[in-house]
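Using my numbering, read the sequence shown as starting at 121 and increasing by one per residue.
The hints are simulated quantities; they were obtained by calculation from the structure and are not laboratory data.
Watch out, some of these pointers could steer you wrong.
Listed next, with one range per pair, are the computed distances between beta-carbon atoms [what the hints assert, rightly or not]:
hint: 1; residue 1: L196; residue 2: G313; range: 16 to 24 Å
hint: 2; residue 1: D273; residue 2: P181; range: 38 to 46 Å
hint: 3; residue 1: D263; residue 2: E164; range: 18 to 26 Å
hint: 4; residue 1: R178; residue 2: D273; range: 35 to 43 Å
hint: 5; residue 1: G174; residue 2: G249; range: 31 to 39 Å
hint: 6; residue 1: P293; residue 2: G313; range: 20 to 28 Å
hint: 7; residue 1: A245; residue 2: G313; range: 22 to 30 Å
hint: 8; residue 1: G249; residue 2: P208; range: 16 to 24 Å
hint: 9; residue 1: F242; residue 2: I161; range: 15 to 23 Å
hint: 10; residue 1: P248; residue 2: D173; range: 17 to 25 Å
hint: 11; residue 1: Q160; residue 2: P223; range: 20 to 28 Å
Here the structure is a predicted model, which means the values were calculated and not measured.
Yeah, the Cβ is synthetic: ideal placement off N, Cα and C, and Gly gets one too.
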Amino acid sequence: MSGHLRIRRALLLLAGLLVAGGLWQLGTAGWMAGKAALAQILLERAWSATLADGRPARPWPWADGYPVARLEVPDLGESLLVLDRANPRNLAFGPGRVAGSAPFGGHGLTIVAGHRDSHFAFLDALAPGERLRLQSPDGRWRDYRVVDMEVLDQPRLPVPEGMDGLALVTCWPLDALRPGGAQRYVVLAEPIGRTPAELAGRFPAPAVLQQASLAGIPASIPAGDPLLLPR
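With the hints as extra help, turn the sequences into a complete structure.
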């Protein structure tokens, strides 16, 4: 066999391997996209069942969690189902409520975490004054207004007692290529439609929250347990 023929066969083999690898990658990407689309359909069905009878409904029998709220950003056209826990399995399908934060529809600070490169990629488009809507399992909608955005240098968010509102959390920087990291990006929102007397002392100013998160909670603010934000 001549040297030219061996080189030609080697090149053909290499080309075949590259084509096969490309087809495998395309097939894998298509499978992942199809699985994600099917999961959203099943999550919507589970949420409809919860709104009908008020009981948690798992989207599929072996699901690790279930939807507990719907989050909407009307001006951005975003509508997401929030899962009951912000653990790695749940976050693959949607944002989740951070354990230890206030339940949806109740008083206190509700913290919702999501991945910066998928469900919470829109957080960088939020600005103070943006309206958020949250639907709880009882079917009621509650409106919130974004008041500030903060970058925390640690994955713990000290929560003052009596703080009432909504916090959306993801990893920082938003455009980082590597996952994880200690910093967190937090969007803070306050309830709309409450009187100044109801809000007084319930939602600290952004500067106070930043001071609390980076230097410990000041003595003037009653301290609650810091919540560990998911990586």
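Hint by hint, which ones does this structure get wrong, listed from lowest number up? Numbers 6, 8, 10, in rising order.
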